[in-house]
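Q: Sequences and hints are given; from them, build the entire structure.
There are 2 protein chains.
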Amino acid sequence: MQPDLQPAFRALADPTRRDILRMLGQNRMSIGQVADRFDMTRAAVRKHMRVLEEGNLIRFETHGRERLSSLNAEALRPVTDWLSWFDRFWDDKLSALQSTLAEDSSAPDEKDRT
Amino acid sequence: MQPDLQPAFRALADPTRRDILRMLGQNRMSIGQVADRFDMTRAAVRKHMRVLEEGNLIRFETHGRERLSSLNAEALRPVTDWLSWFDRFWDDKLSALQSTLAEDSSAPDEKDRT
DNA sequence: TAAAGATGAAACCAAACGGTATCACGAAAG
DNA sequence: CTTTCGTGATACCGTTTGGTTTCATCTTTA
Numbered sequence: 001m002q003p004d005l006q007p008a009f010r011a012l013a014d015p016t017r018r019d020i021l022r023m024l025g026q027n028r029m030s031i032g033q034v035a036d037r038f039d040m041t042r043a044a045v046r047k048h049m050r051v052l053e054e055g056n057l058i059r060f061e062t063h064g065r066e067r068l069s070s071l072n073a074e075a076l077r078p079v080t081d082w083l084s085w086f087d088r089f090w091d092d093k094l095s096a097l098q099s100t101l102a103e104d105s106s107a108p109d110e111k112d113r114t
Numbered sequence: 001m002q003p004d005l006q007p008a009f010r011a012l013a014d015p016t017r018r019d020i021l022r023m024l025g026q027n028r029m030s031i032g033q034v035a036d037r038f039d040m041t042r043a044a045v046r047k048h049m050r051v052l053e054e055g056n057l058i059r060f061e062t063h064g065r066e067r068l069s070s071l072n073a074e075a076l077r078p079v080t081d082w083l084s085w086f087d088r089f090w091d092d093k094l095s096a097l098q099s100t101l102a103e104d105s106s107a108p109d110e111k112d113r114t
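Going down the list, the sequences are from chains A and B.
In terms of full-length UniProt numbering, the first sequence has 57 at position 57, counting the first letter as 1, and numbering is strictly consecutive.
In terms of full-length UniProt numbering, the second sequence has 66 at position 66, counting the first letter as 1, and numbering is strictly consecutive.
Derived by calculation from the structure, the hints in this document are not laboratory data.
This structure is a prediction, so every number in the text was calculated from the model and none was measured.
One or more of the hints may lead you astray.
Repeated chains share a single entry, so a pair holds when one copy, or any two copies, can fit it.
List time: in silico SDA-like cross-link candidates among lysine to any residue, alpha-carbon distance up to 20 Å [as the list claims (entries may be wrong)]:
no., residue 1, residue 2
1, LYS47, ARG10
2, LYS47, GLU61
3, LYS47, SER84
4, LYS47, THR62
5, LYS47, ALA13
6, LYS47, THR80
7, LYS47, MET23
A: The structure is reproduced here in structure tokens:
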């Protein structure tokens with residue numbers, strides 16, 4: 001069964017959250033550290049990070065009174081996989097042939113609507 | 001200057017819109033045809049398609065009183081490009097794991113086995 | 001032990017979102 | 001010309017989202 005794409009796509013839909021992802025791609029950071037880089041309250045940043053966590057895109061690791069968050073890039077895999085379905089439309093002649101042959105053998109099959 | 005990612009990511013955040021994209025990947029369809037495949041009103045589907053249009057992911061082509069919409073897969077490019085920034089993490093993580101194992105086989109600590 | 005630091009959690013708010021119903025308009029068909 | 005068909009547009013509604021403020025909890029440190 002495929003993982004539920006929706007939480008990840010949802011998490012990626014906000015520019016602040018995309019920025020956070022790239023920050024965490026360079027260092028693991030505490031919530032406060034992340035919040036210091038944005039012009040919004042810590043509570044708002046924490047909400048964003050919760051959405052990222054629900055999308056499984058980041059993970060928290062408690063260290064004393066700090067919670068270090070780190071990127072979980074593997075969770076982007078289903079997203080890129082979904083997007084790669086559209087690769088066939090990028091002027092690859094072989095893929096064009098394949099899509100012509102396949103025609104309707106792989107209809108929209110997303111099952112992640114709740 | 002890079003294209004604005006936000007409209008495309010926004011458009012992809014809804015499962016109905018993702019389904020529409022895959023439908024249009026197979027045939028160009030009128031709004032009514034698309035709406036027939038969903039359990040919601042035509043007006044609702046049209047709203048979704050407007051969001052897709054704002055993300056430049058689909059295009060409309062007026063034919064008489066019909067408007068045929070077709071996929072514009074090229075607009076997914078900036079999205080996949082943005083995501084590809086994270087490729088380094090699963091690729092590098094594998095190689096990092098390899099070097100970790102080769103270098104120090106006595107600390108199999110914080111690696112998540114998939 | 002008390003104070004300070006980092007976080008969790010809840011209440012609250014305006015705006016955006018996903019959907020509906022309704023009406024207007026231009027093209028096609030009778 | 002009149003009707004019908006596909007669409008555009010608008011108003012409206014409940015829920016979600018992105019943000020704030022405030023207070024509680026737990027950990028470190030003086």
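Q: Confirm or reject each hint.
A: Going down the list of hints, with the structure as the test:
1. LYS47 with ARG10: both (13 Å within a copy, 18 Å between copies)
2. LYS47 with GLU61: within (17 Å within a copy, 41 Å between copies)
3. LYS47 with SER84: neither (30 Å within a copy, 25 Å between copies)
4. LYS47 with THR62: within (17 Å within a copy, 43 Å between copies)
5. LYS47 with ALA13: both (14 Å within a copy, 18 Å between copies)
6. LYS47 with THR80: neither (25 Å within a copy, 26 Å between copies)
7. LYS47 with MET23: within (16 Å within a copy, 34 Å between copies)
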